[in-house]
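Peer 1: Same order as they appear, the protein sequences are chains A and B. Residue numbering for the first sequence follows my numbering, beginning at 80 and increasing consecutively. Residue numbering for the second sequence follows my numbering, beginning at 934 and increasing consecutively.
It should be emphasised that the hints constitute simulated quantities derived from the structure, not laboratory data. Some hints here could point you the wrong way.
Claimed, not checked - For lysine to aspartate or glutamate, the following DMTMM-like pairs were computed, each having C-alpha atoms within a straight-line distance of at most 25 Å:
1) A:Lys237 <-> B:Glu1142
2) A:Lys237 <-> B:Glu964
3) A:Lys275 <-> B:Glu938
4) A:Lys284 <-> B:Glu968
5) A:Lys163 <-> A:Asp149
6) A:Lys176 <-> A:Glu151
7) A:Lys284 <-> B:Glu940
8) A:Lys284 <-> B:Glu942
9) A:Lys275 <-> B:Glu968
10) B:Lys978 <-> A:Asp155
11) B:Lys978 <-> A:Asp113
12) B:Lys978 <-> A:Glu111
13) A:Lys275 <-> B:Glu941
14) A:Lys163 <-> B:Glu968
15) B:Lys978 <-> A:Asp124
16) B:Lys1128 <-> B:Glu1142
17) A:Lys275 <-> B:Glu944
18) A:Lys284 <-> B:Glu941
19) A:Lys237 <-> B:Glu942
20) A:Lys176 <-> B:Glu944
21) A:Lys176 <-> A:Glu230
22) A:Lys176 <-> A:Glu227
23) B:Lys978 <-> A:Asp112
24) B:Lys978 <-> A:Glu159
25) B:Lys978 <-> A:Asp261
Source: prediction; values computed, not measured.
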Amino acid sequence: MSFSNDWVLEAGPLDWCSPPERTRKVRAMESEDDAGLMARYAQGDMRAFELLYSRHRSALYRYLARHARDPEVTNDLFQEVWSKVIANRSRYEPRAKFRTFLFRIAHNCFIDHYRRQSLRPKQEYADGEDWEDALPAPAHESPDTRAEHAELMVRYRKTLNALPAEQRDVFLLYEESGLSLDEIGAITGVGMETAKSRLRYALAKLRAALATPSTQSDAGAHATPLQEPGI
Amino acid sequence: MTGPEREEEFEQFLQQRTILPHRLAETERFEPPAEVDRVVLARAKAAIHTPEPAPVFRPARWALPFGLAATLVIAFAVNLHLRNPVQQDLAAPGSAPPVVKRVALSAEDNAAAPAYARAKAERRVLTEASRTLELKSAREAVADSASPMAPQMARAEPESAASYSSDRQRLMKGNTRVFSLAADKRLSPEQWLAKIQQLRHEGKDLEAEREQAAFQKAYPNYRANTAD
């Protein structure tokens, strides 16, 4: 966790504190769990929300991005999920982890998105080019390394997209959310053993794709849309 | 790849939560754009300053019509009950006639009233009581005619009716004041005789004779004086 981003620690209720006291309070808040931060935000503490947001923004964004494969859709869904969290701040009860609550909202938003999308013709991003390649790459890598990594990642992503939607969902939830298989089963509406089985199948296919270069480059270009839980 | 190897890889994945090599995993660089961050934080901040809308109470659709109908039914029933309670009580067989109770109460109330008003009230009360008795006897006659003891009861009917009418006459008579000289015990024999003489002078012979008879009954030993 880092506060180095420019969007955190904006003007807030700790502005009246002296710098050492503010640092101490921020550190104390940092050790607070998500449920406590959500409760503080419901009482009007904006800094608690900033900290909560900083904890989960990357994982949630990655989960949505790897599902949607479209930056605009990803950004829209990301904002929609957080808007629902904000709207439900007073009704949130810490019966489960905040992370479970967050990814359940994300999962449901994704199902709604695919329902809406099923009524419209599918739009390919940049004439079939994988949109993730358009993201800026780290500058410290050499061109050869970048090419090698890019080839591996292309295979990996295409295999991931070719996975059945249920397997991909469980795999992405496990990789990105940090939740247990029990919690993932609860989010997706299946039992823990079913979630584990789906994860096992997804992992076997992805390992096979990473182990055999040049065979799967064009395989599985079309991803299966996510279905409702239990289908 | 054998089963145990796969199982080992699966367990390893469960621990590491990624199948990519460490360096490649680091290149998974999907981060929300700064603009999206600003939008989300701005929404969160605006939500704090905007109070949440209170849940609006929405009554059920059937509540208003049901309430109106219930009110009308209750109002009608109360109105009907208050309008004529006497008839309802009279119609109920076997119950004590409430008129009698009302009569008793009014008689008590009239105890302190003047004599004329009291007599008038008593007469009215007795009239109502007799009417109630008539209703009751008629109802009993109808009820008894259907029973196996009807002939015996029919024989007893004239007697009860006669006694009832005589009682009524006696009651009515008792309430009319009879002014008689004989009843006036304050008159001395001389005064009574003077009154009788006065009646004769006035030409009221019948009354004089009746008073004379009453006087002789009251004072049988006064013959000697009258001889004078």
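Peer 1: The structure should be examined with respect to each hint, and the outcome stated for every one.
Peer 2: Consistency of the hints with the structure:
1. A:Lys237 <-> B:Glu1142: 147 Å, violated
2. A:Lys237 <-> B:Glu964: Given that 25 Å is the threshold and the Cα spacing comes to 20 Å, the pair holds.
3. A:Lys275 <-> B:Glu938: Distance ~17 Å between Lys275 of chain A and Glu938 of chain B Cα, so the pair holds.
4. A:Lys284 <-> B:Glu968: Given that 25 Å is the threshold and the Cα spacing comes to 36 Å, the pair is violated.
5. A:Lys163 <-> A:Asp149: Cα-Cα ~21 Å, so holds.
6. A:Lys176 <-> A:Glu151: Answer violated: Lys176 of chain A to Glu151 of chain A is near 28 Å, above 25 Å.
7. A:Lys284 <-> B:Glu940: It holds: about 14 Å lies between the C-alpha atoms, which stays within 25 Å.
8. A:Lys284 <-> B:Glu942: Since the Cα atoms of Lys284 of chain A and Glu942 of chain B sit roughly 13 Å apart, the hinted pair holds (cutoff 25 Å).
9. A:Lys275 <-> B:Glu968: Between Lys275 of chain A and Glu968 of chain B the Cα gap is close to 37 Å, so the pair fails against 25 Å, i.e. violated.
10. B:Lys978 <-> A:Asp155: Holds, at about 19 Å.
11. B:Lys978 <-> A:Asp113: It holds: about 18 Å lies between the C-alpha atoms, which stays within 25 Å.
12. B:Lys978 <-> A:Glu111: Roughly 20 Å separates the two Cα atoms, so the pair holds.
13. A:Lys275 <-> B:Glu941: Roughly 14 Å separates the two Cα atoms, so the pair holds.
14. A:Lys163 <-> B:Glu968: 19 Å, holds
15. B:Lys978 <-> A:Asp124: Cα-Cα ~9 Å, so holds.
16. B:Lys1128 <-> B:Glu1142: This hinted pair holds, its Cα atoms lying about 12 Å apart.
17. A:Lys275 <-> B:Glu944: 11 Å, holds
18. A:Lys284 <-> B:Glu941: Measuring from Cα to Cα gives roughly 16 Å; hence the hint holds.
19. A:Lys237 <-> B:Glu942: Satisfied, since the Cα-Cα distance of roughly 21 Å is no more than 25 Å.
20. A:Lys176 <-> B:Glu944: 24 Å, holds
21. A:Lys176 <-> A:Glu230: 37 Å, violated
22. A:Lys176 <-> A:Glu227: Measuring from Cα to Cα gives roughly 39 Å; hence the hint is violated.
23. B:Lys978 <-> A:Asp112: Given pair Lys978 of chain B, Asp112 of chain A holds - Cα atoms ~21 Å apart, limit 25 Å.
24. B:Lys978 <-> A:Glu159: 16 Å, holds
25. B:Lys978 <-> A:Asp261: 34 Å, violated
Checked against the numbered hints given earlier, this structure breaks hints 1, 4, 6, 9, 21, 22 and 25; the rest are met.
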